[in-house]
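Peer 1: From first to last, the protein sequence lines are chains A and B.
Yeah, the first sequence ends on 146 if you go by our numbering, and it's all consecutive.
Yeah, the second sequence ends on 254 if you go by our numbering, and it's all consecutive.
It should be emphasised that the hints constitute simulated quantities derived from the structure, not laboratory data.
Computed from a predicted model, the values in this text were never measured in an experiment.
Mixed in with the good hints there might be a few duds.
Stated by the list, open to error - Cβ-Cβ distance ranges computed for the label pairs, FRET-style:
{"#": "1", "chain 1": "A", "residue 1": "E78", "chain 2": "B", "residue 2": "T196", "range": "20 to 26 Å"}
{"#": "2", "chain 1": "A", "residue 1": "G109", "chain 2": "B", "residue 2": "T183", "range": "29 to 35 Å"}
{"#": "3", "chain 1": "A", "residue 1": "P63", "chain 2": "B", "residue 2": "T198", "range": "29 to 35 Å"}
{"#": "4", "chain 1": "B", "residue 1": "D151", "chain 2": "A", "residue 2": "E108", "range": "47 to 53 Å"}
{"#": "5", "chain 1": "A", "residue 1": "Q144", "chain 2": "B", "residue 2": "S149", "range": "56 to 62 Å"}
{"#": "6", "chain 1": "B", "residue 1": "T219", "chain 2": "A", "residue 2": "A95", "range": "29 to 35 Å"}
{"#": "7", "chain 1": "A", "residue 1": "V122", "chain 2": "B", "residue 2": "T194", "range": "23 to 29 Å"}
{"#": "8", "chain 1": "B", "residue 1": "T183", "chain 2": "A", "residue 2": "L87", "range": "23 to 29 Å"}
{"#": "9", "chain 1": "A", "residue 1": "S112", "chain 2": "B", "residue 2": "G173", "range": "25 to 31 Å"}
{"#": "10", "chain 1": "A", "residue 1": "V104", "chain 2": "B", "residue 2": "T198", "range": "36 to 42 Å"}
{"#": "11", "chain 1": "B", "residue 1": "D151", "chain 2": "A", "residue 2": "Q85", "range": "48 to 54 Å"}
{"#": "12", "chain 1": "B", "residue 1": "T215", "chain 2": "A", "residue 2": "Q85", "range": "25 to 31 Å"}
Glycine included, every Cβ here is placed at the ideal spot set by N, Cα and C.
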Amino acid sequence: MSGIQLLAAVALLAGTAPAAAQSMSPMRGEITSFTDAFAVRVHPANPYDHRIRVDVRVYDQEFRPVAAQVLPGSFTLGAQASRSVLVVVPFEGAASRKVRICTESVPFPDNQTQIRAQICGKFLATRQSR
Amino acid sequence: MSKSAAPALVLVLASLSAWPAAADTIGLLFDATVDAVCTLSVNSNGTMVASTDLQTLSSKLAGGSPASLTLSTTGGVDLSLDPVTTVTAPAGDVTTTTWTPTYSTSGAHTIAETGGTTSLTSPGTSTVSVDLVGAKSGSDRFAAGNYQATVTVRCE
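With the rest of the complex left out, here is chain A (with noise of 0.2 Å):
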């Protein structure tokens, strides 16, 4: 194969697939808690005019996964469209945590996606003993 038949082999297509974006509210957060798990309801937003895939994760300060429940976790936005996230996050035995939200958009199969946009919302969570 010569580099000119290689170079349309991995030319990917551009341009074509429906756009992906999100935004996310709130993306700073401070709770108290005084149980063993902390709660916050985040917002995922599309604002545009599409539908987009959208998955929701917590993750650590070092961006390692967090074992957290996310209902729902993945969902399906239509244009214009938010909704309601909740996130419950367990302290492990810690006094307090620091965990990123993060909204990322998921291409969907069809469609060759390279960029996946993620906002991350920053939160830190005390415990507090009655």
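We have chain A already, so just place chain B on it with the hints.
Peer 2: Relative to the frame of chain A, chain B by itself:
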């Protein structure tokens, strides 16, 4: 009071009532808090092409194009890229590739090409261009077939 003085008195009273009294002035306050917000929109994906020596796949080479995003923010957020971890390669490619994503921005935020984290302190809308370069070393070469790599752009 004479009959002629009565209309004048009424006129004076009417004039006084037309002036707003200082005590009637009320300041109405409107409060607002704008939280940090960041919106990312993928405008187009990138295209990589192979170098003539078949050791580089790059969106910077002639025929390639960077991916493009629109970023809108209130400021007070950080922009960064993740290392490339999701790559689809043809079965014939069994050698290691080093992937290097970089970005630059124009518009409200001007950032020269970097792969690191940049703090966006001011509000505004910018265009983010993302380039990706894959490189092989030694005698390794890219194989014929389709390649696809996913770059994660993060605003936090």
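Peer 1: None of the hints should be skipped; say for each whether it holds.
Peer 2: How the hints compare with the structure:
Between E78(A) and T196(B) the C-beta distance comes to about 22 Å, which sits within the given range of 20 to 26 Å. With their beta carbons about 30 Å apart, G109(A) and T183(B) fall inside the hinted range of 29 to 35 Å. Against the hinted window of 29 to 35 Å, the Cβ-Cβ separation of P63(A) and T198(B) comes to about 31 Å, which satisfies the hint. At about 51 Å, the beta-carbon gap between D151(B) and E108(A) stays in the expected band of 47 to 53 Å.
For the pair Q144(A) and S149(B), the beta carbons lie near 59 Å from each other, so the given range of 56 to 62 Å is met. A hinted range of 29 to 35 Å holds for the C-beta pair T219(B) and A95(A), which are about 31 Å apart. Judged by the Cβ atoms, the range 23 to 29 Å given for V122(A) and T194(B) holds: they are separated by roughly 28 Å. Distance hint check: the CB atoms of T183(B) and L87(A) are about 27 Å apart, consistent with the given range 23 to 29 Å.
Distance hint check for S112(A) and G173(B): the Cβ-Cβ separation is about 27 Å, which falls inside the suggested range of 25 to 31 Å. Separation of V104(A) from T198(B) is about 38 Å and conforms to the stated range, judged on CB atoms against 36 to 42 Å. Separated by about 51 Å at the C-beta atoms, D151(B) and Q85(A) satisfy the suggested range of 48 to 54 Å. A hinted range of 25 to 31 Å for the beta carbons of T215(B) and Q85(A) is consistent with their spacing of about 29 Å.
Checked against the numbered hints given earlier, this structure breaks none of them.
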